[in-house]
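Undergrad: Each chain is listed here by its residues.
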Amino acid sequence: MDKLHLDKHISQQFDMDLEQLQTKLLEMGGVVEQQIIDAVKSIENADSQLAEKVIQVEDDVDLREVALDEDCTMVLACRQPTASDLRMVLTVTKMTRDLERMGDEAQKIAKMAISLHNNGAAPGGYEEARHMGALVQQMLRSALDAFARLNVEQALEVARADKQVDREYKSAMREIMTYMMEDPRSISRSMNILWTLRSLERIGDHTRNIAEHIIFLVKGYDVRHQSVADIENKIKGA
Amino acid sequence: MNKSSQNVTLEKVNQSLARRYRAEKRFRAYGIGAILFGITCLVVLFTDIIGKGHSAFFQTHVYLEVTMDSDTLYIDDPTDPQQIAGADYLAVVRASLSERFPDVSGRRDKRALYALISNGADFELRKKLEADPQLLGKTFGVWFLVDDDVDTYFKSRSDDGEGGFDGRLNEKQITWVESLINEGVMESRFNTTFFTSGDSREPEQAGIKGAIMGSLFTLLVTIALSFPIGVAAAVYLEEYAPRNRFTEFIEININNLAAVPSIIFGLLGLSIFIGFFEMHRSIPLVGGLVLTLMTLPTIIISSRAALKAVPPSIRDAAYGLGASKMQVVVHHVIPLAMPGMLTGAIIGLAQALGETAPLLMIGMVAFVVDIPGGITDPATALPVQIFLWSDSPERAFVERTSAAIMVLLVFLISMNTLAIWLRKRLERRW
Amino acid sequence: MEAVIQKKSEKQGIDEVMPSNEPQDIQVGDKTVGKPFADNPKMAMRNVNVHYGDKQAIFDVNLDIAKNEVIAMIGPSGCGKSTFLRCLNRMNDTIESCRVTGQFILDDQDIYHPKQDIVPLRARVGMVFQKPNPFPKSIYENVAYGPKIHGLASRRVELDEIVEVSLRKAGLWEEVKDRLHSAGTGLSGGQQQRLCIARSIAVSPEVILMDEPCSALDPIATAKIEELIAELKQNFTIAIVTHSMQQAARVSDRTAYFHLGKLIEVNDTKRVFTNPEHDLTEAYITGRFG
Chain A
5 MDKLHLDKHI
15 SQQFDMDLEQ
25 LQTKLLEMGG
35 VVEQQIIDAV
45 KSIENADSQL
55 AEKVIQVEDD
65 VDLREVALDE
75 DCTMVLACRQ
85 PTASDLRMVL
95 TVTKMTRDLE
105 RMGDEAQKIA
115 KMAISLHNNG
125 AAPGGYEEAR
135 HMGALVQQML
145 RSALDAFARL
155 NVEQALEVAR
165 ADKQVDREYK
175 SAMREIMTYM
185 MEDPRSISRS
195 MNILWTLRSL
205 ERIGDHTRNI
215 AEHIIFLVKG
225 YDVRHQSVAD
235 IENKIKGA
Chain B
-19 MNKSSQNVTL
-9 EKVNQSLARR
1 YRAEKRFRAY
11 GIGAILFGIT
21 CLVVLFTDII
31 GKGHSAFFQT
41 HVYLEVTMDS
51 DTLYIDDPTD
61 PQQIAGADYL
71 AVVRASLSER
81 FPDVSGRRDK
91 RALYALISNG
101 ADFELRKKLE
111 ADPQLLGKTF
121 GVWFLVDDDV
131 DTYFKSRSDD
141 GEGGFDGRLN
151 EKQITWVESL
161 INEGVMESRF
171 NTTFFTSGDS
181 REPEQAGIKG
191 AIMGSLFTLL
201 VTIALSFPIG
211 VAAAVYLEEY
221 APRNRFTEFI
231 EININNLAAV
241 PSIIFGLLGL
251 SIFIGFFEMH
261 RSIPLVGGLV
271 LTLMTLPTII
281 ISSRAALKAV
291 PPSIRDAAYG
301 LGASKMQVVV
311 HHVIPLAMPG
321 MLTGAIIGLA
331 QALGETAPLL
341 MIGMVAFVVD
351 IPGGITDPAT
361 ALPVQIFLWS
371 DSPERAFVER
381 TSAAIMVLLV
391 FLISMNTLAI
401 WLRKRLERRW
Chain C
73 MEAVIQKKSE
83 KQGIDEVMPS
93 NEPQDIQVGD
103 KTVGKPFADN
113 PKMAMRNVNV
123 HYGDKQAIFD
133 VNLDIAKNEV
143 IAMIGPSGCG
153 KSTFLRCLNR
163 MNDTIESCRV
173 TGQFILDDQD
183 IYHPKQDIVP
193 LRARVGMVFQ
203 KPNPFPKSIY
213 ENVAYGPKIH
223 GLASRRVELD
233 EIVEVSLRKA
243 GLWEEVKDRL
253 HSAGTGLSGG
263 QQQRLCIARS
273 IAVSPEVILM
283 DEPCSALDPI
293 ATAKIEELIA
303 ELKQNFTIAI
313 VTHSMQQAAR
323 VSDRTAYFHL
333 GKLIEVNDTK
343 RVFTNPEHDL
353 TEAYITGRFG
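Residue numbers (our numbering), protein chains in the order written: chain A, 5 to 242; chain B, -19 to 410; chain C, 73 to 362.
Here chain A stands alone, though its shape is the one from the complex (with noise of 0.2 Å):
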C-alpha cells in the first residue's frame, strides 16, 4: 500500500487492464466464498439440491480461471509489466489457482453432502463443520477484501487465523475419530464429515497462501514457508 500505484500508467489502457484483472479475481473470489457457504450449508442440512448447485457452480469458477490466465498472459505478452505490476499479474495468476483449487474443494465438500443425504446422518461433527466452515469463509472474505486494498496487516491477519483452523481441524478430528471409535458402523459417514473437515483446512490454507501472495504483491518479498512470525517480522524490519 505504501508505494503502490496501481493506477496513473501513461497509457490508461493498462490501468484498465490491471483493475480488469483484479476485479475478475474479486468476482471469481466472490463466486468460491458463496460457493463455500453453500456446501457448508448443505452438508449442515443434508441438502443435495444446494449440493448439486455447488458442483454446477465448480464449472463456472473453471471458466474464470481459464478466462483470467487468459488475461495475464494478455497483460504479460503486451505491456511486459515490471515491479508492481509484474507482482500483480503473477499474485492474480496465483491466487486464481489458489480459488480454483479452493473451489474444488467445496465440490468435494458438496460431494461428501450428497453421501451424507444418501446415507443418513454422520454420528456427529456437524458444529465443527459449520464452525470452520465460518472461520474459513471469514478468512477468505478477510483475504480478498485485504487484496482489494492491498492491505497487508488483514493479510496477516488472515495467516494467522489458518493456525486457528488448524487447531480446530485437530481437536475435530479427534472427536470424529472417538466417534467412529465407539460406533464402527458409522465410520464411512463419520469420513464424509471428516473429509468435509479436511477440505475445510485445505481451504484455510489455501487462503493462507492467497494472504502471502498479497504480502507479496504489496511488500515485494516471498513470504511462503516462513512462519506468521518471521513474516511479521521481515515486514518490519523492512
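Hints were generated in silico from the structure; no laboratory data involved. For every residue, glycine included, the Cβ atom is placed at its ideal position computed from N, Cα and C.
With the Cβ distance kept under 7 Å, some of the chain C side facing chain B (calculated, not the full set): (1) Val191; (2) Arg194; (3) Ala195; (4) Met199; (5) Phe201; (6) Lys203; (7) Asn205; (8) Ile221.
Lysine-lysine pairs mimicking DSS-like chemistry, simulated, CA-CA at most 25 Å apart: (9) B:Lys288 x C:Lys209; (10) B:Lys404 x C:Lys209; (11) C:Lys342 x A:Lys238; (12) C:Lys342 x A:Lys98; (13) A:Lys167 x A:Lys98; (14) B:Lys305 x C:Lys209; (15) A:Lys45 x A:Lys174; (16) C:Lys296 x C:Lys203; (17) B:Lys305 x C:Lys220; (18) C:Lys103 x C:Lys127; (19) A:Lys238 x C:Lys103; (20) A:Lys238 x C:Lys107; (21) C:Lys342 x A:Lys12; (22) C:Lys139 x C:Lys107; (23) C:Lys342 x C:Lys103; (24) B:Lys305 x C:Lys187; (25) C:Lys107 x C:Lys342; (26) C:Lys203 x B:Lys305; (27) C:Lys342 x A:Lys240; (28) C:Lys103 x A:Lys240; (29) A:Lys28 x A:Lys98; (30) A:Lys167 x A:Lys112; (31) C:Lys203 x B:Lys288; (32) C:Lys203 x C:Lys220; (33) A:Lys28 x A:Lys12; (34) A:Lys240 x C:Lys107; (35) A:Lys57 x A:Lys28.
Which chain C residues stay away from chain B? Per the calculated CB distances, all over 10 Å, these: (36) Val172; (37) His185; (38) Gln188.
With chain A's structure known, arrange chains B and C on it following the hints.
TA: Same frame as chain A, now just chains B and C:
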C-alpha cells in the same frame, strides 16, 4: 463529431478547395516565370556572345605566290642567321602583290594594295626561311593573313559580293579584294593565331594566349596561397579556437571581407605589394596575391561550413578511441570535409578568374605583347584582355572580345564542372 | 462492481498519453537508495556534479562500478545518465560549457587529475555510441585505427591478428572476413554497431561505455548486441545507458536509476525490476511517467 457537423466541414472544405487550387497554381506559375526569365536572359546573352564571337575563330587568308629572291631580300650569305633575320621579307610580299595586280601604280595605290595584307606577313616568311634555308631562291605559295579590314569585309559580305562592310577600305581596295575572291585565292581558315599569340594592335594578329597564360600564372599563385591558408585558418577557427569575443570578432570580419568590393583589394594590393614591398607592376605574382586576399574569405567560409558538416559522431568515434585532437582533425575531419572545401576553393578561384577590377588597380591592364613565361613576367589576364579589347575601336576586335568571353566562359564552366566532379568523386556517405 | 466495469469499458479503446502524470507526492531524496557501492570497484565516482553553463545536470552522484560487471543506467530523457556516462572517459571535455567536479577513480587513479592525459584514459575506457558511427573507411581500417594510433602493433601481421581477434570477439568475423577491405559503412546497422564494438575492443580497454547502443537497431540486431554484451562481460567492465528497460533487465547485473540529475537508486537488476526500493524507480519502470 456527429454526421451533420461532418457534412458542414466537408462543405466548407470543398468551397475553399477551388481557391486553394488556384493559389497553388499561381504560386507555381511565379516560380516557373522566374526560371523562364533567367533562362531567357541566359539564352540572349549566349546567343549574343556566340553570334558575335564565333567568327573570330576563323580568319581570312589569301594565297600568294612568293619568290624568295635573294636580291629582293638582300641576302648574300644564306648561312648567316643575322642576314636571314634582318632580310626585307616585306619586299617579297609586295613584289608578289605587284605581280598579281600589275596595273596598280602610284605610291598611294601601291600602299593601299600592300595594306590588304597583314603587316605581320613578313614574320611568317621569315619563320619559313629560318626553318628551311633551302627555300631561298625558290617560288612557292603561301597563305597570308589579310588585314583586319579585309577580314571584316570578307566575313560580312554575302556570297554574291553584296553587303560587305567596307569600313576603312576604299573602292579600289574593294575591287582588288573582289578580284582575289573571284580568283578563289581568298578563304577562311581556322584562326590558330587567336590561340597562339599574345596581344597586338592589329586585330588579325591578336591572340589570347598571353592573357590565358597570365591568368594561369595568377591563378597558380592564388591556389598555392589561398587554399592552404584558407584551410588552415578554417581548421583553426573551427576546431581549435576558443569561443570568445576575439574569435567572434575575427569571424565577423571574415564575413565582412567576403562582401568587400574587389576593387578595394586592388587598392590594398597596390599600396602594400607595389607601394610598400616594391614589387613590379603588372606581374602575375602581385595579381595572385591580390586575388588570394580576395578569395580567402570565400574559401575560409566554405571550408568552415564543410568542417561543420562533418558529423559529430565521427569525431566522437575517434575521440572515443583515444585519438588526439590533431589525429581527429587530420585523419577524419579534413578528409571528410575535403570535397566541400575543394568545391568552395574552386568556386572562389572561378570568381578570381573572372575578376577584373583588382587587376586594373595593380597594372595588369598593360598592353603586353609577349607571352609571359613565369609569375614575374609582365602579363595581363583574360578578363582584363576582354576589357581592353572591348575598348578598342577596330571592328575586328568586337568579335575577338566575344570570342575571348567565350573562352573565359569555357574555363569557368569547366572549373565549376571540376568542382562538381570532385564533390561527387570524393564525397563519401557516412 | 458491474457498474464500475461498465464505466471503464466506455473509456476503453486507445491508449491515451497523459502529459504530466508524474506523482506529485513523491520527493526526490538526496541520498541514493540501494547499493551504489561495490566491494571491488573498477571505477569509483564520488560527489560528482556536472554543470552545463549555469544549469546543473548532475547532482552529487556517488557510484561504484564493479569489476567485470554490467551496470545499466536508466532514467527518463534528460536525467543525466548519458552525461554521467560521458564523464567516465571525459568525453564531456569537448563541450566547452561543461564543468565536471568530483572524484572519478579508475583503479586508484584519478581520471580528472590535471596531469592525466585523456589519450591513455580513452584507451582504457572505450566507448560505443548511440548511432553506429564507423569511419567511412574499410572494415579493416576501422578496427585497425585504434591500435594504429596507439602503436599497439609494430608489424602488419600483429595488426592483422588484432583485427581478427577483435572482430571475432564482436561476433562479426564470420560475416565480414571475406570483405575486410570493403567499406564499413556498407554494413547493416547492427553489423555497423558490432563493428564499432570491435573497433573499441581492438585497443583492449578495461571498461567499455555504451551509450544507448541499440536504440537505432532492429530487434534482431539488438538481440545480437545483447548477446555480445553477455560475452564481453567475461573480459570487460561495461556501463550501458539504455532507454529500453527490458534491455537493462536482460543484460545488466546492477541497474542505476537517474532522475533529474540525481542518482535515485542503484540495486541488483533483479531487485530493481521486481521490487524497486524507491518510489520514483517504481514509477519509472512501470511506465507511470517518463
